[in-house]
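Undergrad: Listed in order, the protein sequences are those of chains F and V.
Read the first sequence against my numbering and you will find it ends at 479, with the numbers running on by one and no gaps.
Read the second sequence against my numbering and you will find it ends at 223, with the numbers running on by one and no gaps.
The reader is advised that the hints may include incorrect statements.
Unchecked claim - Straight-line alpha carbon distances no greater than 35 Å define the calculated DSBU-like cross-link-like pairs of lysine-lysine that follow:
1) F:Lys48 x V:Lys200
2) V:Lys206 x F:Lys215
3) F:Lys48 x V:Lys206
4) V:Lys104 x V:Lys141
5) F:Lys306 x F:Lys60
6) V:Lys114 x V:Lys52
7) F:Lys219 x V:Lys52
8) V:Lys114 x V:Lys65
9) V:Lys114 x F:Lys215
10) V:Lys19 x F:Lys219
11) F:Lys219 x V:Lys13
12) V:Lys206 x V:Lys52
13) V:Lys12 x V:Lys114
14) V:Lys114 x V:Lys141
15) F:Lys324 x F:Lys353
16) F:Lys215 x V:Lys160
17) F:Lys86 x F:Lys306
18) V:Lys104 x V:Lys114
What the hints contain is simulated information worked out from the structure, not anything from laboratory work.
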Amino acid sequence: MSPHDTNVAALEPSIPLIAPGHTYTTISDKVAGIVVTEPQPKSWKFGILIGAIGVMILNTAVIYLFYKGIGIWGVNIPVGWGWAIINFVWWIGIGHAGTLISAILLLLNQQWRTSINRFAEAMTIFAVMCAGMFPILHLGRPWVFYFILPYPGTLTMWPNFRSPLLWDVFAVSTYATVSLLFWYVGLIPDFATLRDKARNKVGQWAYGFFALGWRGSARHWFRYETASLILAGLATPLVVSVHSIVSLDFSVGIIPGWHTTIFPPYFVAGAIYSGFAMVLTLTIPVRKIYALEDFITQRHLDVMAKVMLATGLIVGYGYIMEAFYAWYSANPYEKFMIYNRMTGPYWPAYWALVLCNIVTPQFLWIHWVRNNPIVLFIISIIVNIGMWLERYVIVVTSLHADFLPSSWGSSVSWRNLRPRKTSSWPRKKSMTRATSRSMRLRLFPWTVSRKRLGSRRPDFL
Amino acid sequence: MAQIFPKKANDLVKVLAAAVVLGACGLGTMATGLWLSPFITQQDVAKQQVVPFSHLHHVKGLGIDCRYCHTTVETSSFAGIPPTETCMSCHSQIWTNAKMLEPVRASFKTQKPLEWLRVNDVPDFVYFNHSIHVNKGVGCVTCHGQVDEMALTHKGQTLRMGWCLQCHRAPEQFLRPPSEVFNMQWQPPADQSAKGLELVKNNHVKVEQLTNCSVCHR
């Protein structure tokens with residue numbers, strides 16, 4: 019019996035990570051076949067079409083943004099951070115699951131990672147690219163984004179090294195580099211497989227180029243394992259550091275609600291939580307479409323669901339600690355912030371977040387739920403929405419009402435979504451205002467209902 | 006299975022890798038050189054003006070003070086470009102038929118100002134004020150170069166931010182006594198660093214504020 023015919027499932031009978039009956043050859047044939055030999059299914063073309071449409075919409079939006087400025091997001095004083103920063107934090111968080119799977123789980127010798135690590139890493143790279151886009155889009159003058167890099171130029175000025183936004187640049191670019199290297203180093207043997215299976219000259223050349231002359235000798239494998247371990251060692255601190263630094267973007271500000279000492283770990287847990295949700299969101303359809311149930315088994319879904327449950331509980335603890343901190347600090351501004359977050363004009367966002375991020379994952383305690391791909395898929399989508407709402411709540415509710423009522427205002431009041439009944443103003447005028455508001459209503463329109471904040475100011479806005 | 010790549014492919018990849026690195030360095034060097042060259046900075050590049058006015062002749066030859074034409078330099082952000090009347094204060098008497106001065110006379114008759122092309126300019130996001138510099142002891146020559154040597158006017162310095170900051174970080178190296186601001190021949194004394202510190206102190210130049218962003222970008 020040659021080593022290529024070893025029954026993989028038989029190697030570790032207690033952990034059926036791969037369906038019985040597979041050998042290295044059948045696994046290679048199946049996995050490489052998807053790329054080089056099998057025709058792409060119709061759903062692949064459909065997926066590409068959806069993706070292309072999405073990119074076109076993005077392009078249109080970005081061009082409009084550059085033409086009009088970031089006011090189109092409804093950001094203004096006092097809510098100067100909005101859409102872009104929320105998206106940045108959300109995307110960068112999603113990337114963390116890929117790094118956790120590739121680095122920490124490798125060091126911990128978790129065998130189950132190997133079925134999902136490649137596309138989790140690919141997801142990380144795309145997530146970091148999406149994340150990196152938003153701070154640049156958020157700049158008033160995006161064409162001079164490179165000012166934030168410390169390069170010797172005719173300005174003879176360095177960027178502000180005390181600013182967490184600069185730390186972000188270093189954290190995210192390091193993260194992107196290490197993720198890319200990790201992904202590529204891991205791919206080298208697979209490129210060699212693809213090279214050997216490619217059916218035409220172009221494929222052989224292209225895969226062969228990236229395979230770097232891989233022959234699969236013992237020495238190659240030894241170096242491969244060593245390089246992977248070194249990269250895992252480098253990437254492990256990044257799992258923790260990148261989102262910690264993102265949380266410092268907030269902590270350095272003077273705004274209430276951004277100072278809980280639990281912020282860095284709570285951000286990291288949230289990042290892994292949303293990242294695993296995104297891995298599930300991607301895994302479940304891919305597994306179905308490409309018939310990969312033999313390699314991504316129920317057990318993988320089960321384990322990922324458990325990671326989601328664990329990190330979800332940490333995130334829930336974070337929310338509770340935020341409220342506790344506000345009360346225990348006896349700081350009136352912190353207290354008002356949490357009260358306003360729960361009952362103020364943004365209460366639907368807060369309670370939707372609690373529903374999505376704390377209540378929904380509790381279903382994952384149930385074995386049946388963890389093993390049902392469709393239910394898991396739905397839960398993963400809900401968690402993704404919830405984690406977006408979390409960043410929305412942190413950014414917007416803290417900013418829109420801080421220390422002085424004179425600097426309150428801005429951003430969406432959910433009551434603007436429907437015409438206001440009446441106030442001391444004539445009905446007609448009220449309706450006109452309501453209409454004009456609805457027309458201006460985007461995610462963050464300018465107007466606010468001050469009444470709801472408990473302010474005595476007349477409701478003339 | 007046959008080899009996909011010929012044996013020389015290994016060397017080719019190494020050469021390509023070296024070429025990419027060296028090419029990037031070369032491109033960077035070229036771009037930097039271009040960025041620092043007068044082609045971009047316009048330093049020392051004279052512009053074709055409507056009348057080929059010579060500072061060399063008027064300042065060095067005839068000894069006219071800067072402020073005779075640039076009247077508002079001590080009181081305003083803008084040094085002032087003289088109206089045609091200033092030219093005519095002499096040229097209604099001398100060189101009254103010179104062909105070179107025909108546009109000046111035409112401008113005087115039609116009351117349509119001469120269209121000088123601006124030589125020294127900073128971007129719109131820079132707030133620059135002549136009067137504060139002149140009153141604190143920055144000489145004309147320090148920023149504009151030896152204008153009295155310019156047969157055709159050109160930028161004496163790059164006017165880049167890094168250049169501004171040289172002085173804003175250490176003004177004592179450049180300041181001169183207020184009486185010498187308009188002196189085109191003034192040379193810094195041997196003990197400029199000591200004298201300069203004295204000038205900084207006497208003129209109340211707040212060096213610690215000079216590099217605040219909002220000093221120039223308001």
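Undergrad: Now look at each hint and say whether the structure bears it out.
TA: Comparing the hints with the structure gives:
1. F:Lys48 x V:Lys200: The hint is violated at about 82 Å.
2. V:Lys206 x F:Lys215: Roughly 79 Å between the alpha carbons, so the hint for V:Lys206 and F:Lys215 is violated.
3. F:Lys48 x V:Lys206: violated, 80 Å
4. V:Lys104 x V:Lys141: With Cα atoms ~42 Å apart, V:Lys104 and V:Lys141 exceed 35 Å; violated.
5. F:Lys306 x F:Lys60: holds, 13 Å
6. V:Lys114 x V:Lys52: At roughly 25 Å apart (the allowed maximum being 35 Å), V:Lys52 and V:Lys114 satisfy the hint.
7. F:Lys219 x V:Lys52: Violated, at about 59 Å.
8. V:Lys114 x V:Lys65: Judged against 35 Å, a Cα distance of about 29 Å means the pair holds.
9. V:Lys114 x F:Lys215: violated, 87 Å
10. V:Lys19 x F:Lys219: Within the cut-off at roughly 22 Å; holds.
11. F:Lys219 x V:Lys13: Holds, at about 18 Å.
12. V:Lys206 x V:Lys52: violated, 39 Å
13. V:Lys12 x V:Lys114: Distance of about 83 Å is beyond 35 Å: violated.
14. V:Lys114 x V:Lys141: violated, 40 Å
15. F:Lys324 x F:Lys353: OK: F:Lys324 and F:Lys353 at ~34 Å, within 35 Å.
16. F:Lys215 x V:Lys160: violated, 66 Å
17. F:Lys86 x F:Lys306: violated, 43 Å
18. V:Lys104 x V:Lys114: Distance ~15 Å between V:Lys104 and V:Lys114 Cα, so the pair holds.
The structure shown violates the earlier hints numbered 1, 2, 3, 4, 7, 9, 12, 13, 14, 16 and 17.
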